[in-house]
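S.K.: Sequence:
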Amino acid sequence: MKKLTRKKKHQLRRNIILLAAAGIVAAALLGMVLSVTGFIYNRYFAKHPVVAYDKIRVEQPEINEDFLTTNPNSRPGTKLKHVKGIVIHYTANPGTGAKANRDYFESRKDQEEISSNKVSSHFVIGLKGEIVQCIPLDEIAYASNDRNSDTISIECCHPRKNGKFNRKTYHALIRLCAWLCDRYEIESPDDIIRHYDVTGKLCPLYYVKHFDKWKKLREDIWNKVLDSQYKS
Numbered sequence: 000m001k002k003l004t005r006k007k008k009h010q011l012r013r014n015i016i017l018l019a020a021a022g023i024v025a026a027a028l029l030g031m032v033l034s035v036t037g038f039i040y041n042r043y044f045a046k047h048p049v050v051a052y053d054k055i056r057v058e059q060p061e062i063n064e065d066f067l068t069t070n071p072n073s074r075p076g077t078k079l080k081h082v083k084g085i086v087i088h089y090t091a092n093p094g095t096g097a098k099a100n101r102d103y104f105e106s107r108k109d110q111e112e113i114s115s116n117k118v119s120s121h122f123v124i125g126l127k128g129e130i131v132q133c134i135p136l137d138e139i140a141y142a143s144n145d146r147n148s149d150t151i152s153i154e155c156c157h158p159r160k161n162g163k164f165n166r167k168t169y170h171a172l173i174r175l176c177a178w179l180c181d182r183y184e185i186e187s188p189d190d191i192i193r194h195y196d197v198t199g200k201l202c203p204l205y206y207v208k209h210f211d212k213w214k215k216l217r218e219d220i221w222n223k224v225l226d227s228q229y230k231s
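Each step along the sequence shown adds one to the number in numbering that gives the first Met the number 0, with nothing skipped, and position 123 is 122.
Honestly, the hints are just simulated from the structure, not real lab data.
The C-beta atom is built at its ideal place from N, Cα and C for all residues, glycine as well.
Among these hints, one or two may not hold up.
[Said to hold, decoys possible] Under the rule of at most 25 Å between Cα atoms (straight-line distance), these lysine-lysine pairs were calculated in the PhoX-like manner:
id: 1; residue 1: K208; residue 2: K127
id: 2; residue 1: K163; residue 2: K215
id: 3; residue 1: K98; residue 2: K160
[Claimed, not checked] Across the chosen pairs, the derived CB separations fall in these ranges:
id: 4; residue 1: E186; residue 2: I23; range: 36 to 46 Å
id: 5; residue 1: S148; residue 2: D219; range: 23 to 33 Å
id: 6; residue 1: K80; residue 2: D189; range: 42 to 52 Å
My request is simple: use the sequences and hints to build the entire structure.
M.R.: Rendered as structure tokens:
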């Protein structure tokens, strides 16, 4: 057997070092890929913790019932047979309160029966955090197009044109949504959606333009639900 020359020995050592380095790099890259894959899965696909609604009691917020008159345009009286989600809207009328927006829905009863006049919402939350209920929860509202048949709709007042809810409106919305989640055993925060998610309409405007704020709002609602769990 021939002895390796000094040059070949050097070349062999060099190849071994290169192979080892390549292995280390490959392992590092694999680790990064697995880490990123795990992040993507957890961010977009992982299930939220199962909510034990038999151990949750969310206190009902103060609600002022001021039901609309039954009419074809804003309160058709059609029964809402099941609820699978909650749809958040904004009024697009800066500075107006809950009563004014409720009365606008009521005024539709005197208008021509056309699609542009068919508008309402189960609830309107005002600038002072007041909650006005316009439609009974066992009836549909004309608010969310093809999701009218399986959702509860909430209109939120806002002080400025950018559509951002003030603190009182924001916290009233959290309390109302958490109570509705408990009432209907909403399975996931993914079932709390914007009007935008149904039709592409920029509603609620601020929370369409600022997805991080929408994400935070939805997290705040869900945390309110989870925080209402009691120990048996």
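S.K.: For this structure, which hints from the list above don't hold up?
M.R.: 6
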